[in-house]
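Chain by chain, the residues run as shown.
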Amino acid sequence: MSQQLIDIPEVELMGKGHVACPGCGSTVAMRFVLKALGEETMAVIPACCWTIVDGPTPSSVLKIPVMHTAFETAASAASGLKHGLDARGEKNTTVMAWAGDGGTFDIGFQAISGAAERNEDIIYFTYDNEAYMNTGVQRSSATPEGAWTTTTPTKTPKNKPKKDIVEALAAHHIPYIATASIAFPEDLIAKVKKAKEIRGMKFIHIISPCPPGWKSLPNDSIRLARLAVETKIFPLYEVEDGWKYHITHESKGTPVKEYLKAQGRFNHLTDADIENIQKTMDRKWKMLKMKEKLSLEEMEVLD
Amino acid sequence: MEQIMNETMSKYFNPETTASIKVMEGTHAASQAVKLARVKVISAYPITPQTSIVEKLSELCASGEIDAEFIKVESEHSAMASVVGAESAGVRSFTATSSQGLALMHEILHWAAGARLPIVMVNVNRALAPAWNIWVEQTDSLAQRDTGWIQFYCESNQEVLDMVLQAYRLAEQVMLPVMINLDAFFLSHTSEPVALPKQELVDQFLPPYNPKYKMELEGGHAFGGLAMPDSYMELRYKMQKSMEEAERLIPIVAEEYDHIIGRHHGTFLENYRVADADYLLMTSGTISGTSRIVVDSYREKGIKLGMIKVRTFRPFPTKAIREAVKNAKKVGVIDRNISFGQSGIFFSEAKAALYNAEHRPLMNGYVAGLGGRDVTPETISEIVDHLIASEKGQDLIWIGVKK
Amino acid sequence: MSDIMDLKNDQTLMAISTGDMSWNKTGSWRYMRPLYENKIPPCTVGCPAHEKIPQYFALVKEKKYKEAWETILPDNPMPGVTGRVCYHPCENVCNRGEYDETIAIHNMERFVADQNLDNHIPEYLVSKEKREEKVAIIGSGPAGLSAAYQLVRQGFKVTVFESANEAGGMLRIGIPSYRLPREILDKEIDDIKRLGVEIRAGITIGKDLPLSNLQKNFDAVLIAVGAYKSWGMQIPGEELKGIRSGLDYLKQYNLQEQATTGKNVVVVGGGNTAIDTARSALRMGAEKVTIVYRRSRAEMPAVPEEIEDAKKEGVQFVFLANPIAFHGNGSVQEVELIKMELGEPDKSGRRRPNPVKGSEYRIEADQVLLAIGEVPDLEFTEGQFKLLHDRLNLDNGQMTSQKGIFACGDAANGPIGTVVDAIATGHRAATAIGQYLRNGKVALNGKMESGVPFDTINLDYFVNEPRPKEQQHHPETLKENFEEVNLGITIEDALNEANRCFSCGTCTYCDNCLIFCPDVAIHLDPVKHEYIIDYDYCKGCGVCVHECPRNAMAFEEELKWNK
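Just so you know, the protein sequences line up as chains A, B and C, in that order.
Here the working numbering is used: the first residue of the first sequence is 1, the next is one more, and so on.
Here the working numbering is used: the first residue of the second sequence is 1, the next is one more, and so on.
Here the working numbering is used: the first residue of the third sequence is 1, the next is one more, and so on.
Simulated from the structure, these hints should not be mistaken for lab results.
Quick reminder that beta carbons are idealized off the backbone N, C-alpha and C, glycines included.
Please note that the accuracy of each hint is not assured.
Said to hold, decoys possible - A few chain A residues that face chain B, going by a derived Cβ cut-off under 8 Å, partial list only:
1) G38
2) E40
3) L62
4) V66
5) G114
6) N267
Unchecked claim - Each pair of labels, with its calculated beta carbon distance range:
7) A:K194 - C:G97: 31 to 41 Å
8) C:K311 - A:K257: 15 to 25 Å
9) B:Y237 - C:S28: 32 to 42 Å
10) C:L35 - A:D241: 22 to 32 Å
11) A:I52 - C:N499: 56 to 66 Å
12) A:N276 - C:I491: 44 to 54 Å
13) A:E197 - C:N499: 28 to 38 Å
14) B:P208 - C:S28: 18 to 28 Å
15) A:D164 - C:K311: 23 to 33 Å
16) C:N393 - A:K257: 38 to 48 Å
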């Protein structure tokens with residue numbers, strides 16, 4: 001008798017009792033990703049919130065095999081695991097790296113660049129909560145401009161823009177890159193399923209609200225993940241082979257203010273600051289649309 | 001002379017167990033061992049003077065002579081992390097590095113050992129920068145002392161090959177990784193005849209690796225997660241217990257290798273004219289070969305000099321050293337390495353090993369040949385003369401430093 | 001090497017997790033508790049009969065049309081009638097109206113009723129317990145029928161007295177068949193009769209049988225006689241031939257299938273009766289029909305769609321004008337009008353019309369039909385009851401000033417003038433009578449309130465979609481054509497409309513709460529078909545409550561639950 005708005009697989013590979021904070025976006029992300037990937041999946045988790053969330057030995061909240069690794073080794077360890085499984089003749093198992101933004105944008109960037117260039121047959125997920133949250137909210141290169149963190153106090157908030165990790169990965173010409181939001185489960189799951197079927201390196205960037213780090217309400221996590229998309233701050237799109245851009249959800253263009261005002265980490269922003277962010281996001285969106293248009297044209301030429 | 005050569009050859013290169021004898025560099029000996037060990041995943045990053053291992057293995061993988069996945073990573077850190085990944089899948093993995101590369105791996109060396117992954121790595125001992133220096137020195141590997149890796153030091157290319165095979169046998173029994181060290185250039189780029197054992201005998205010696213606990217879908221276990229204070233210490237206790245087990249197994253593995261392949265390089269130590277010696281040199285790596293000649297020349301002069309070649313650094317051969325020095329008056333340790341603020345590293349370890357021993361000889365620590373400087377018979381004679389003349393032990397004596 | 005310790009098989013060597021985290025009861029972290037709590041939607045409140053609209057919509061979504069119909073029936077036995085003629089106040093308060101367009105609730109109601117023309121009100125809706133008390137109901141209009149139905153459901157014996165030869169009251173007399181086909185009306189009345197309601201037609205209380213007789217022979221009496229008496233306009237010339245009450249005109253046609261109709265007809269009034277009269281006159285052969293209304297279009301109480309249809313059919317409108325005299329030689333020939341202007345709002349909230357001095361003018365007419373409101377004809381009560389504004393004055397329990405005598409519909413004070421109000425007050429009266437007969441006391445529920453304001457709907461889960469257009473049949477020549485004009489909506493439209501409904505405060509099992517739970521703490525019980533929150537693990541983040549599209553959950557302090 002269910003009248004679902006959202007159609008997602010029933011399989012549940014994340015168990016109960018994890019120690020994530022209430023309203024943690026990354027747990028919802030993990031849940032959706034595992035629903036999409038199914039049981040034939042192994043996870044490589046470097047140092048990040050999920051090191052803790054998964055649970056202390058001898059317990060693990062995930063019903064799939066997990067290999068914890070050092071902070072900067074998600075991509076390299078996952079590469080090795082995939083080759084090990086291949087060598088063992090177990091070629092159908094999906095190996096996923098599951099890293100935070102710190103482990104991806106910063107300390108793990110070299111390893112992911114290496115894995116991307118080698119076109120390793122793994123899916124690399126970054127659940128992006130936009131700071132070093134596990135250590136208590138320090139800035140990362142994924143922290144957006146203007147945000148407070150404990151290392152960018154409100155008097156001197158972060159004054160550098162968020163690293164565009166998707167563009168960085170696109171420059172590696174890997175087969176598949178996608179952005180995803182936990183507020184759009186069907187889109188997220190479709191992308192993960194698509195990635196699973198593609199051989200070579202896949203990178204999926206998931207925006208993952210963090211109530212303590214964003215100073216937002218726990219019950220707002222899905223709404224913020226949705227607003228990030230609808231405000232064009234975090235557009236949902238795919239990049240195939242490094243040049244085929246495809247926007248999977250047309251952002252509504254909700255004013256960025258609505259997103260920023262719901263988060264304490266942006267409390268100090270003035271109207272002028274917000275206006276600047278709005279302009280930046282509008283420009284980025286416009287450029288993304290142009291890239292999509294150009295790649296469509298180019299694909300037609302190829303046809 | 002020819003007869004002597006033939007005798008030596010047949011003793012060293014048992015024709016019944018040998019597939020072929022080839023003249024090769026130490027790096028190639030390592031590569032051939034990787035092939036014989038049926039390694040499944042290789043991941044490595046080139047660094048002088050290890051580079052020819054990476055090249056040779058690439059060639060062997062490309063030609064199909066080795067049926068392994070070769071991950072050509074972008075750094076040594078990733079090399080070690082990816083073999084950690086591969087070995088977690090329960091397959092035999094290999095990597096090789098040197099110096100800076102080893103230093104970069106440091107964090108993951110701890111991981112490999114803590115995760116109880118029986119990885120085997122060849123490290124070509126090379127000095128650390130700055131200043132840039134690609135020549136031999138052991139500080140790189142000795143600095144990894146506390147990572148939980150078993151460490152062997154080789155004197156010949158044959159020993160390199162044999163020890164890589166024994167390393168897998170040992171590692172996969174005690175579930176700790178093993179590092180096989182060889183001197184930059186003196187072994188890595190020096191050609192020597194190397195006997196390649198028959199594959200079927202190697203297979204007999206080294207059965208396929210299949211650990212019970214590995215990354216596999218069935219069971220869905222998690223590895224290496226958080227361990228609270230109530231459980232972490234036990235894990236560390238077990239690493240030490242495994243090291244102790246390794247100490248028990250090293251002679252057994254060597255014996256078995258001898259039994260099947262027909263070659264024995266000694267166990268923890270190779271003792272040369274030790275039994276009646278008043279004075280002992282303690283060496284490792286290629287300095288040992290030079291020292292043997294010096295020992296012989298002093299013996300000819302009637303001076304009772306002997307030599308202990310140390311083959312294992314971890315587990316440290318405390319019992320073997322105590323036994324070897326029990327009749328000696330003076331021991332001089334030659335270190336091609338230095339722990340700044342202390343002394344040569346073998347020296348301080350050996351000295352510590354003897355503190356609780358019944359017989360404690362006079363001990364001198366000599367640091368020589370850093371950064372690839374030649375250690376000649378003359379250099380060693382200078383050390384021996386100094387040792388004989390010493391009335392009191394000295395921890396740190398620099399040999400050949402221009403002042 | 002048998003003496004080698006086999007560490008390969010030693011699980012305790014390394015940090016291995018072989019168990020799950022279910023031992024970690026994170027529910028202890030919670031200080032806020034989510035729970036499922038359906039709330040009353042605005043439409044249910046707005047509907048005088050309080051129909052359970054989202055509930056029957058949910059069944060339409062599943063194409064369970066019979067179940068959907070049976071969900072309406074406890075509140076209204078005649079959805080086929082109301083689905084056609086109701087002025088649908090439910091739609092005025094529909095939250096969807098603040099988003100795009102209100103849900104076409106009345107179309108949905110008709111759709112559901114029309115899917116069940118071959119079904120009869122199921123027996124399970126009637127109490128198995130039968131009672132001895134007898135109730136007399138005077139009048140078989142929507143109020144009387146509704147009350148009769150509800151009383152029968154409670155197990156009482158009910159007799160309805162109807163002065164006309166057929167039951168239906170205003171539904172039959174006042175509403176033209178192009179709006180309410182008689183087979184629909186007959187079907188729904190028949191359904192009520194089937195439950196055991198006795199209808200004694202052709203008996204006029206006060207003439208054929210005195211009220212006192214009923215008081216004597218029945219345990220309770222319900223007066224539901226409606227309002228038929230017109231006071232007229234009380235202006236000069238009203239006695240001229242050709243001037244009559246619009247309702248009389250409709251009654252004559254509807255009962256006798258003919259009524260004298262002029263060529264040039266003026267209808268006075270702005271309610272549904274005025275529109276019905278005008279459109280009927282066109283069908284009866286009038287060449288020109290003009291509605292004269294003293295206020296503007298915006299103030300017209302008639303259903304807007306009906307006004308539109310009247311326009312489409314050629315009815316002309318004169319707004320802001322009021323007759324002050326009729327002129328003619330024996331028969332009416334002219335209507336003298338005075339222009340009006342709108343002043344301050346009156347008690348009804350509409351702006352009061354004031355005559356503009358010196359603006360008198362005349363229009364021609366050979367028939368004038370007055371549809372300016374009626375009051376009940378209470379002669380049969382012989383003045384026994386207290387009145388208020390010409391209607392029976394009731395207490396809070398639908399009782400007149402005499403014990404055991406109740407009233408409802410247009411005969412009494414309270415909400416009047418529409419079918420659904422009649423059905424609702426009939427239901428209330430039946431409830432009151434039931435309570436009275438059981439324990440001598442009446443305590444009816446107070447005013448219903450909605451718990452779902454518009455801003456508690458999570459609009460992120462809805463997209464703009466248009467309201468369906470009802471299909472219509474406008475015959476080329478209206479004359480003699482009383483075929484139904486409105487044809488209802490298609491199945492596709494109905495299914496779409498059911499999905500378009502926010503279902504305010506009413507769980508639709510959309511699974512959002514379950515899907516977004518970061519702690520996997522919500523499950524759907526497959527047997528009971530309800531969501532279960534596993535409070536052992538729920539951390540109380542509130543995501544489920546927030547992501548509920550329709551405010552069907554609540555979020556309460558844990559302390560309240562731990563007391």
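So, going through the hints one by one against the coordinates:
{"no.": "1", "hint": "G38", "in the structure": "violated, 11 Å"}
{"no.": "2", "hint": "E40", "in the structure": "holds, 6 Å"}
{"no.": "3", "hint": "L62", "in the structure": "holds, 7 Å"}
{"no.": "4", "hint": "V66", "in the structure": "holds, 4 Å"}
{"no.": "5", "hint": "G114", "in the structure": "holds, 3 Å"}
{"no.": "6", "hint": "N267", "in the structure": "violated, 33 Å"}
{"no.": "7", "hint": "A:K194 - C:G97: 31 to 41 Å", "in the structure": "holds, 40 Å"}
{"no.": "8", "hint": "C:K311 - A:K257: 15 to 25 Å", "in the structure": "violated, 46 Å"}
{"no.": "9", "hint": "B:Y237 - C:S28: 32 to 42 Å", "in the structure": "holds, 33 Å"}
{"no.": "10", "hint": "C:L35 - A:D241: 22 to 32 Å", "in the structure": "violated, 49 Å"}
{"no.": "11", "hint": "A:I52 - C:N499: 56 to 66 Å", "in the structure": "violated, 42 Å"}
{"no.": "12", "hint": "A:N276 - C:I491: 44 to 54 Å", "in the structure": "holds, 53 Å"}
{"no.": "13", "hint": "A:E197 - C:N499: 28 to 38 Å", "in the structure": "holds, 32 Å"}
{"no.": "14", "hint": "B:P208 - C:S28: 18 to 28 Å", "in the structure": "violated, 49 Å"}
{"no.": "15", "hint": "A:D164 - C:K311: 23 to 33 Å", "in the structure": "violated, 60 Å"}
{"no.": "16", "hint": "C:N393 - A:K257: 38 to 48 Å", "in the structure": "violated, 57 Å"}
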